[in-house]
Structure formats: C-alpha cells, structure tokens
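K.L.:
Listed below are the residues making up each chain.
Number of protein chains: 2
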Amino acid sequence: MTDAHVDGVRLTLDEVRTLARRVLLGAGLSRAHAEAVAETMVAGERDGCASHGIYRLLVAANSIAKGVVAVDAEPVVSEPARALVRVDGGGGFAQLAFERGRQRLAEKARAYGIAALALNNVVHFAALWPEVEALAEEGLVALVVTPSHAWVAPAGGTQPVFGTNPIAFGWPRAGGPPFVFDFATSAVARGEIELHRRAGKPVPDDWGYDADGQPTTDAAAVLSGAMRTFGGHKGSALAAMVELLAGPLIGDMTSRGSLEADAGRGGSPIGGELIIAIDPVGFLGDAVAEHLARAEAMFGAIEAQGARLPSQRRYAARARSVTEGVVIPAALYRDIMALVPGE
Amino acid sequence: MTDAHVDGVRLTLDEVRTLARRVLLGAGLSRAHAEAVAETMVAGERDGCASHGIYRLLVAANSIAKGVVAVDAEPVVSEPARALVRVDGGGGFAQLAFERGRQRLAEKARAYGIAALALNNVVHFAALWPEVEALAEEGLVALVVTPSHAWVAPAGGTQPVFGTNPIAFGWPRAGGPPFVFDFATSAVARGEIELHRRAGKPVPDDWGYDADGQPTTDAAAVLSGAMRTFGGHKGSALAAMVELLAGPLIGDMTSRGSLEADAGRGGSPIGGELIIAIDPVGFLGDAVAEHLARAEAMFGAIEAQGARLPSQRRYAARARSVTEGVVIPAALYRDIMALVPGE
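Chains as they are written, first to last, in the UniProt record's numbering: chain R, 1 to 343; chain G, 1 to 343.
If you're looking for bench data, these hints aren't it; they were derived computationally from the structure. Just so it is clear, CB atoms sit at the ideal spot from N, CA and C, and this is done for glycine as well. Where hints are given, some of them may not hold.
Said to hold, decoys possible - Only part of the chain R face toward chain G is listed, based on derived beta-carbon distances under 8 Å:
| id | residue |
| --- | --- |
| 1 | SER78 |
| 2 | ARG82 |
| 3 | TYR112 |
| 4 | GLY139 |
| 5 | LEU284 |
| 6 | ALA289 |
| 7 | TYR315 |
| 8 | ALA316 |
| 9 | ARG318 |
| 10 | ALA319 |
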C-alpha cells in the first residue's frame, strides 16, 4: 500500500478485499456474509464505480449499527415450483442469499429454458450488475429488478410511492465480458442528490418535488420530498413494474413497506429481488453461436458510430484496476480505517 | 349505423368487426388470419386508440399488397424446452400465431411457475397490449417485447440500429381489468412524426436526426434519418434489450434485418416477439389474494394523488364504446370503404 498522491491511498484489489472483510467482520457480520458482501464492494471499486465500492462499507456498517441487518442469517433455499427458486435471506444482506440460490437458478434455466429466483427478506445496499454479470458469464441471459425505499413519485403525482427501483440486464458474449446494464428508474441516483446537498449546490428543477409537492432546486427538500422517475410516464410505468415483480409477485414488501419497516432508522432498503434467467440454448439449440453472432453485429453497429455500450466504461476501469490497483480518496480511507477493529 | 355528426360515422363494435373482416378477407387473408387480425383492430378502436384501430386496415392492406405477408400461413407450434413454446408464424400476421401459442404458454406458466413463448417469422403492425391483457386476464403476469424496423439511433449515436421496440407488461387485478402498459422505447411513436410531416409542422429538435446525423426539426428528415430513444442512455439500453430478447435469443431478426428484408417495400416489420408469463401462484401459493391486495394498495397510493394508471384512459374509452359504439372519421371511413370488395 503506497500513497498515490497527497489526496489518495493506492490499494491492490486484494488489499481492498482484506480491508472490506476486516471492517465487515468487525461490524459483526458472520464470515460467510462478510466474504459475500466484500466481493461486491471489491467489484465496485475495481470497476471504477466509487459509489458502489468500499465507500459502501460506511453504508453497510450504518445499517448493521442501526439493527436493520440480521448479521448471521443463514439463507434458506426452497423450490416453490419446478422452474422457480426462492431464497429466504432471513433479514441478512442480499449477497449471500444470491450466492446460495444462483446455482439452482442456473440449473433450472438450463433444464426448463427459463427460470426465476426470488430473494426474500434481504437488505439491499449494492448495484445489481454483479448478479446479472455472474449469470451472463455462465452463458445465461439475466434480468433483475428490486424495489428500495419509497422515495420516488409516479408520473402525474408528487408523493413518493416507488423506490429508485433499478433494472439490470445481462447478455453473454463469446470471448469477452457480457453486455450488462443496470440503472435506476428514478431520474437520478439518490446519492447524486445527496452530493448536491453536501456541496450546498442547487439541483435542476426537474429532479423532484418538496414535501408540499412543489418543484424545487433545493436538494434537501427533494430528499425529504419526492424524486421523479426518468423518462416521464414510461419510466414511471417501469418503476411500477419493478415494485410488482419484486414485491407482491414474490410475497415481499413494496418500497413503501420497506420505508415503513425502517421506521426512521435510516438503514438500507429491506425486501425482495427477482432474477429471471433464460438459457439461449433453450430456443436456439445447436444454432446458439450463429445467433449470438448476430447480437455481436448489433453491438458492432452501435460502436461503429462512436456510441458506447452500457458496460464499456466499467470494463475499461477493471482492466486498469487489475494491474494498477485503485486509489481511495484520503478522507474516505480515514473514515473506513476508523471502522477497523483495533486500529 | 348512423352519422354521429358531419365529420364521422358511428359504428357499433360488431359493425367494426364485420367491416374489418370483410376488408381483410377481401385483401386475401385466410379466414383464421382475418378473424384474429380483426379482433386486434376492434380492440384498438374500442379502447380509443385510433392509431391502432381500423385505421390499421390501411396498414395491413398495404403490407398484403406489397407481398410482405403470407396471407394463409398456418402457424406451427413446438416446444423447444419444457418451459418454452415456439410458434413459427410462417410469415403471416402475428395475431394468429399468438392465438395458437397462448394456451400452451399459460399451461406451462402454471406448471413450471414461469414460461416463455417465442413468435417467429411474423409480421407486426399492432400494439402489444392486447396480448399482455389476454394473459393477465387469465391471472398471469406478462412481459412482451418485439423489435421493429431499424429507425432509432442508440444514445451517443445518430444512425438507426434499433426499432421502436415496444415493451408491454400486464398484471392481473381482482374484480377489474388488469394493470397494463405498452410503450415504444423510441422518444415518440413513428406515427406522431408522420402526422407532423403530413401537417407540414416542425418536430421538436430532440426527436431525431437527419441522414447526416444532425439534429433537425424537419419531420421528413427524421423519418429518413433516425429517431431518438426515450430517456437517454436508459431508454437506449432497454431498446438494445428488446432487440436481443426478441431477436437473437429466439433465433429471429433484429430491426436491421427486418428493414433489409423489407427491401424498400414499405411493409410492416417482420421478425420475432418474446412473451414471458409468470403465474403468481408459483411463488405465492395460497397467499396469492393477500399479496395481490398489496399491489392494489400501491395502485391506490398512485391514484390517491391524482396520478393515472397507464391503462386507465383505455378502459374508460372501452366502457363508453361498448354502449355507445365508436365514431370513425369520415375521411378514414371513405378510405376503408374503398377497400371493401364489391363496394
């Protein structure tokens, strides 16, 4: 570990992993949970997603300290129907629940052509792309949705109903990392508004409403009022779909239920996640390679005009991080080190 | 049939159905195709979607006249995997292919918890909501996607790659019509730009690009250039997902392939459609009613603040049409009557 420059600390990915595990174990997580959660943070840091890197140690530690997380929950796997898998996370973080269910999901997708995995009763603080990427790397097409806390107003309204409700999708590519996207159905990430608030900067007046339902440029007012969805009524419709698929459809909470269950503690959202996996071999049989090549032609037509594929920036950062390590801002590093037991 | 006022002709829904069948049979469609296609147009007219009502008789007749449609294709149903159904439409319109596959799809969704139906080699001119609504009325959750012709540029580019690539979703509701949305991932419907062109009106400069890749307010230039996706890079990512799911994944064409296959004839898009159906009983078992009631609470929270559910306007029009019939603009009625054999 060496200082990269005055403002940052350079760490290898192994050092990030070790640090994350120490903090999470120190915060009280069981070893299995600490290792699963640490991998998500290593992946975020590695891919240049600073807001989903080890910064999230602070977020996770907060949820643990507030009693929102079952620190040693043992996920319980069941098979409610032939092509369905359920993992009851028992109130623990989502990562271990996904790890415990993903192999059965992949097996069922291969056996039936399509399958779905529901994670129930899990705490969410992370992006969804690690999950779709893991499945796409096994050759499966994956679609993942999860609600969050009710922070977002439906189009035509000004009161929060939806969460930031991300949608993530993964598509396997031969000889390279998968095509992956993962975005919130809110107009912007909540963290973006939080950054404006901390910096004392106004937000654009189409990001959200204050608690009285009036458009506002005051970041704090949006945070205590309601965010907007992206894309007007279309984004709002998608946000509703996410609520339905990963809430009532799998017997779990909506974003309003999650925020009520938080009861003002300020912890991460609690609830469900739905993961649909499709095996391309199901429809394509022996012709898989031929048809996946046609997908490559489409990617080529996008890149040939200078447009970027959604996952491209992450993969470029990954290639750098693996050889050069990552740089953690000094202030963040200090805040994290303060959480290390015995430091 | 009576004149409603000087500009329109009032028809009952049965009269619309009879007229549509006569035109479609006269154009050469087999009886099975004519009846399936007519039902879609009756549904559009009934629900106040004029652009998907019997106006589409002109669109369908054009595709038939141009030789784009196999007028008497007999759909072939197969089961490539245990939870997958495929219907090869043989180059005919999509409606009959869907009718022939939907029952097996519903059976498989109930047997396995989740299932998918691919329609291959079908001609598309219609909205997707009739399909998701039919499945949701059987108690299933449905997600449907289809590519079209390559008319839409990816975010960050200006050359067409994607189709207007709609996404439709349906959710069953006890005691009422389902929650349904169906929207193009393009910024606007192509027909909207066409209406501006006919009226000689400029379009907003964020709807599309001319053939040189420059933003333009000239509707004709956008039609021969490229439309934009809705919602920036997020809408663009969804448009790519639609291409992948209902193109390469099911062994069918992308929107670029469809436009090439059209070879300048100006017919409707040809290709595939993917329909995913999930049975709520799979995850919920005996607790279905309890959890669907929680979805109703979310719908209530949306409507209580004066926001509309996506399907609400259609259902209100439907209630009126069933008792009052519909009014067809006089000019459209004349154009349609010119297609009736022997008139």
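K.L.:
A separate judgement is required for each hint: does it hold in the structure or not?
P.N.:
Consistency of the hints with the structure:
Checking SER78 of chain R against chain G by beta carbon gives a least distance of about 10 Å; that is not within 8 Å, so the hint is violated. The interface hint given for ARG82 of chain R is met, as the beta carbon of that residue sits about 5 Å from the closest beta carbon of chain G, less than 8 Å. At about 4 Å, the closest approach between the beta carbon of TYR112 of chain R and any beta carbon in chain G falls short of 8 Å, and the interface hint on this residue holds. The interface hint given for GLY139 of chain R is broken, as the beta carbon of that residue sits about 12 Å from the closest beta carbon of chain G, more than 8 Å.
Because the closest C-beta pair between LEU284 of chain R and chain G is about 5 Å apart, less than 8 Å, the hint holds. With a cut of 8 Å, the hint placing ALA289 of chain R at the interface with chain G is violated, because the nearest CB-to-CB distance is about 11 Å. Because the closest C-beta pair between TYR315 of chain R and chain G is about 15 Å apart, greater than 8 Å, the hint is violated. With 8 Å as the threshold, the beta carbon of ALA316 of chain R stays out of range of chain G, its nearest partner Cβ sitting at about 15 Å, so the hint is violated.
Among the interface hints, the one on ARG318 of chain R is violated; its C-beta lies about 19 Å from the nearest C-beta in chain G, farther than the 8 Å criterion. Nearest Cβ of chain G to the Cβ of ALA319 of chain R: about 21 Å, over the 8 Å cut. The hint is violated.
Checked against the numbered hints above, the structure breaks hints 1, 4, 6, 7, 8, 9 and 10 and satisfies the rest.
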